[in-house]
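Full structure from sequences and hints, please.
Those protein sequence lines, which keep their order, are chains A, B and C. Residue 1 is where the first sequence starts when you use our numbering, and the numbers rise one by one after that. Residue 1001 is where the second sequence starts when you use our numbering, and the numbers rise one by one after that. Residue 2001 is where the third sequence starts when you use our numbering, and the numbers rise one by one after that.
Keep in mind that a hint or two might mislead.
Once the Cα atoms are required to be at most 30 Å apart in a straight line, the calculated DSS-like pairs of lysine-lysine come out as [what the hints assert, rightly or not]: (1) B:Lys1282 with C:Lys2119; (2) A:Lys195 with A:Lys85; (3) B:Lys1104 with A:Lys439; (4) C:Lys2023 with B:Lys1190; (5) B:Lys1152 with A:Lys283.
Simulated from the structure, these hints should not be mistaken for laboratory data.
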Amino acid sequence: MFKKKWTTLMLTLCLAIIAAGCGNNANNGGADTNGAANGGSNESGNKVTVNFMHLWPEGVSAGQNKIVNQIIEAYQTDNPNVTIKQEVLDNEQYKNKLKVLSASNQLPDVGVTWAAGFMQPYVEGNLFTPVDDLLSGELNGKFVAGTTEAYAMNGKTYALPLEFNIAPVYYNKAIFEQYGLEVPQTYEQFKTVVKTLTDNGVAPIALGNKDRWTGSLWYMYLADRIAGQETLAKAITGEASFTDAGLVKAAEEVQALVDGNAFVKGFNGLSNEEAKSEFLNGKAAMFLMGTWELPNFTTNEDIPQEFRDSVGFFKFPTVDGGKGNIDSWVGGPGVGLFVSENSEVKEEAKKFVEYFVTKWGEQSVTGAGVIPATKVDTATLELPQLYIDLFNEMNKASSITLFADVQMKADAAETHLNQIQALFGKAATPDLFAGEHDKAISAGK
Amino acid sequence: MNKVMSNKKIIALYVLPALLLILAVVYIPIILTGYYGLTKWNGIGSPDYIGFDNYAALLKDTAFWNSAWHSLLLALFSGLSLILYLAIAMVLASKIKGANLFRKIYLIPMLLSSVAIAQLWLRIYHPTNGILNSLLESIGFDNPPAWLAEPKLVLFALFIPILWQYAGFYILIYYAALKNIPASLEEAAKIDGANALQIAWKIKLPLAMEVIKVTIVLAVVGSLKYFDLIYVMTNGGPNGASEVMASYMYSEAFKSYDFGYGSAVGFFLLVFCLVATWLIRKLTATKDTIQYS
Amino acid sequence: MTSGIASPMRKGAEGSGSGMAGKIGYALLYIVLIAVAVLQLFPLVWLLFFSLKNNQEVFDLPPLSLPMNPRWENYGKVWSAGNIDVYFVNSVWITIAATALTVIIASLVTFAITRMKWKGSSFVLGLFMVAMMIPVHSTLIPLFSMFNKANLIDNPISLILTYVAFNMPITIMILLGFYYALPKEVEEASVIDGCSVNRMFFRIVLPMTSSVLATTAIINIIYNWNEFIFVNTFISSDEFKTLTVGVQNFIGQYTTDWGAIGATLMISILPILLAFLFLSDRIVEGIAAGSVKG
Chain A
1 MFKKKWTTLM
11 LTLCLAIIAA
21 GCGNNANNGG
31 ADTNGAANGG
41 SNESGNKVTV
51 NFMHLWPEGV
61 SAGQNKIVNQ
71 IIEAYQTDNP
81 NVTIKQEVLD
91 NEQYKNKLKV
101 LSASNQLPDV
111 GVTWAAGFMQ
121 PYVEGNLFTP
131 VDDLLSGELN
141 GKFVAGTTEA
151 YAMNGKTYAL
161 PLEFNIAPVY
171 YNKAIFEQYG
181 LEVPQTYEQF
191 KTVVKTLTDN
201 GVAPIALGNK
211 DRWTGSLWYM
221 YLADRIAGQE
231 TLAKAITGEA
241 SFTDAGLVKA
251 AEEVQALVDG
261 NAFVKGFNGL
271 SNEEAKSEFL
281 NGKAAMFLMG
291 TWELPNFTTN
301 EDIPQEFRDS
311 VGFFKFPTVD
321 GGKGNIDSWV
331 GGPGVGLFVS
341 ENSEVKEEAK
351 KFVEYFVTKW
361 GEQSVTGAGV
371 IPATKVDTAT
381 LELPQLYIDL
391 FNEMNKASSI
401 TLFADVQMKA
411 DAAETHLNQI
421 QALFGKAATP
431 DLFAGEHDKA
441 ISAGK
Chain B
1001 MNKVMSNKKI
1011 IALYVLPALL
1021 LILAVVYIPI
1031 ILTGYYGLTK
1041 WNGIGSPDYI
1051 GFDNYAALLK
1061 DTAFWNSAWH
1071 SLLLALFSGL
1081 SLILYLAIAM
1091 VLASKIKGAN
1101 LFRKIYLIPM
1111 LLSSVAIAQL
1121 WLRIYHPTNG
1131 ILNSLLESIG
1141 FDNPPAWLAE
1151 PKLVLFALFI
1161 PILWQYAGFY
1171 ILIYYAALKN
1181 IPASLEEAAK
1191 IDGANALQIA
1201 WKIKLPLAME
1211 VIKVTIVLAV
1221 VGSLKYFDLI
1231 YVMTNGGPNG
1241 ASEVMASYMY
1251 SEAFKSYDFG
1261 YGSAVGFFLL
1271 VFCLVATWLI
1281 RKLTATKDTI
1291 QYS
Chain C
2001 MTSGIASPMR
2011 KGAEGSGSGM
2021 AGKIGYALLY
2031 IVLIAVAVLQ
2041 LFPLVWLLFF
2051 SLKNNQEVFD
2061 LPPLSLPMNP
2071 RWENYGKVWS
2081 AGNIDVYFVN
2091 SVWITIAATA
2101 LTVIIASLVT
2111 FAITRMKWKG
2121 SSFVLGLFMV
2131 AMMIPVHSTL
2141 IPLFSMFNKA
2151 NLIDNPISLI
2161 LTYVAFNMPI
2171 TIMILLGFYY
2181 ALPKEVEEAS
2191 VIDGCSVNRM
2201 FFRIVLPMTS
2211 SVLATTAIIN
2221 IIYNWNEFIF
2231 VNTFISSDEF
2241 KTLTVGVQNF
2251 IGQYTTDWGA
2261 IGATLMISIL
2271 PILLAFLFLS
2281 DRIVEGIAAG
2291 SVKG
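Here is the structure:
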């Protein structure tokens, strides 16, 4: 009796294993069974399921999550034959899963992607479908100029952007007032501000450079202001060299700031989150960050009203003799939506994306404090002043340089980020920093 | 006796389920990793076979060798820390009052997930308001270091939570091994006039030897492929100062989209583990296995 | 030696010598033991405090201070964030199923390898040992495509198979040390009694190794309970996800709700704490059961 039970258990197990291991061969017949797993029931009553993978969990991206659910609900009511099935992961896990899914050609019908360098392998591998037809349809002319371009490759657009961000320097007005400081217009004035603050024992700048792209912002602005936007843009695409005198000077200035204790203590080991808290609790006076932080300075009730009222921003100051322009920004679209090339419900997925982008644009500013990539009529919305000011800045921007790590191809982006950390940690000289960049970018990976 | 204990059917019944499972779920990935290591592949589409190019590049890759050195250091420290864990287990397994309660309390941290442990130690190491630096400042150190930002310190700063994280694991195993030693042996030795240290050295240690050998292998292999806390706490930084083989493999495969190269790193890691295990088995080999009698 | 402290003293660290020195050594030992115990309890207390703070307090207040207004609502937030009950049930049954399978199958293998005579046993042992040397991230892409072809994606079976397979080698390794040390007389006696191998294994060997079984069960439970990479990769439907996913619910695109993560971690540690306290006593009982037989 005893023996029998065990034998049965073992047998079942073996079967399960064989099913797992050998299913490989059994399924070979339908070589083209990729695409969405459960979109296949097209014939029976036109019921379709669109799988949608995103990164706005309910717990914390509350605003975004609510909007996503509202949009989906409204869409399903309008299109009763369509079911949108969501899968939510956090940023990190989302990127990992996307990678694993794409290796098996199993991308969701609709998903979130980042621009340029991030999506390049997916586009080259024919995993994303062009969405140019959507751009010429209902969405024609709705996007802010320059946003969809970041998602274009070889003349086709492969995703529709949802967000648009630029990075100003936020500062604590109370601290500035206390030490009699003025908003700096030039880099010389900026250095005086830093000096005054350090002399008084206040950490001038909150920077969490464990995340590396945070430090990249500082380098990019200095490069833009000293060498000019065009030189920087060309160096990033490989048309020019990072050994350009202005670009090397920018790297030197970064190290000069480090030497002058401009950044919070231990910045190379701090995450952006930790550094941000130094700014939010009034210990650090300045914080260079994207406009996605605006809710924390305006509407977020968890942060004391007194602090929120004292946050202002200024444009990264110009450098004397530099080629940069004060209206030149670092920024760009954040995430966008793609449609999988191998989706079995491509048309429905595209329709959903079109609907989603439109509704997102209408709701995201007021609902989640996100600046959408579609045009917003600020006159009709009641928005905090900080938003309105930054909207205006965006409109008169002379150029917006896309974040370097987003723009570069994956391997070069990793080198860039590591070199940023090395530069800030003084483990790399400005010349070495420049050389490593050229090497990585010319390798073309 | 021999006939019964070499019944082929029974052996097959006992071994095959596990073996088939391992072959399917672990060996197929190992073999594929070996194959991907010979290709140029960004994880999308089909891999291009490039022979041993990845391995040739790996041999010259200083970033990889740095990470390998860090992993080896971790393995060394993990191995040495076993002595401490064994000593703690001996105290806990002795009949002192409250040993039962102490044992339970000592093992609680091992229940915490890496996420929680990482957050805890980030708060301990925070450069300005962390527990460690607040403590150092209060006893008069003027400018305590930013532990996770200093290239020279960061690796060792990370070793402490890693070793601490696994302390419970080894103490638990040692504890069970020591408790498995028949009390009669200890009683007999005591009647012969042996003191506690002699009993520990002459009786407990030899009888737990097989378990100790196993834990050395576990500690070394576990350290060589260690990933969790390093990834969360420093991401291998600053500038590679705390990179280990597994985190290097991860960033090559999943961040740089170089799955071929990442797989080569992963396969190298496997070879490291094999060599280390072989060495440990050689060095700790004894002619007879000792049994309780 | 006086009887009151004699028995602990004899087995304590350095308990010989005169009564006075012994007492001091004994006291020192306890001071050290208690100090370490406090240190080991500290993480749990820290986690509790952490779970009662909001982001500002998490970063600003010293780690070991309670906020002015403990934010118990973090727990409410976690509980109402949807699906946590489903995740919880999944975590429990998947952990139990995977742990039970691992421990039993690994025991069978270890018994066959250490106690039975057959060619290739050391080769098979080698196969199991090599299996624990591969980094998890190397296996994700091959495993996903395999389970995908077997139609096991978004199916808890894929999780159980992976957990059993990946924890099997380490479980076998731990069991190994204990099986080698089992006295040969056990088998001899039972074979002479006409016991079948199955009977010997289940009736005699398994009970004798119950202390190490409890040990490996604890280790497996902890690993399975806290695992999240495979869950995220293989499972896409909420109905099959486990508690570790609950943490992700509070990691947003640009912000993270640390207090709620603390509360999730606190909730998820309680079940394994109970399991641990229960199984931990089995480690001691094991020898009692074993020594009767031996």
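How the hints compare with the structure:
{"no.": "1", "hint": "B:Lys1282 with C:Lys2119", "verdict": "21 Å, holds"}
{"no.": "2", "hint": "A:Lys195 with A:Lys85", "verdict": "54 Å, violated"}
{"no.": "3", "hint": "B:Lys1104 with A:Lys439", "verdict": "55 Å, violated"}
{"no.": "4", "hint": "C:Lys2023 with B:Lys1190", "verdict": "20 Å, holds"}
{"no.": "5", "hint": "B:Lys1152 with A:Lys283", "verdict": "27 Å, holds"}
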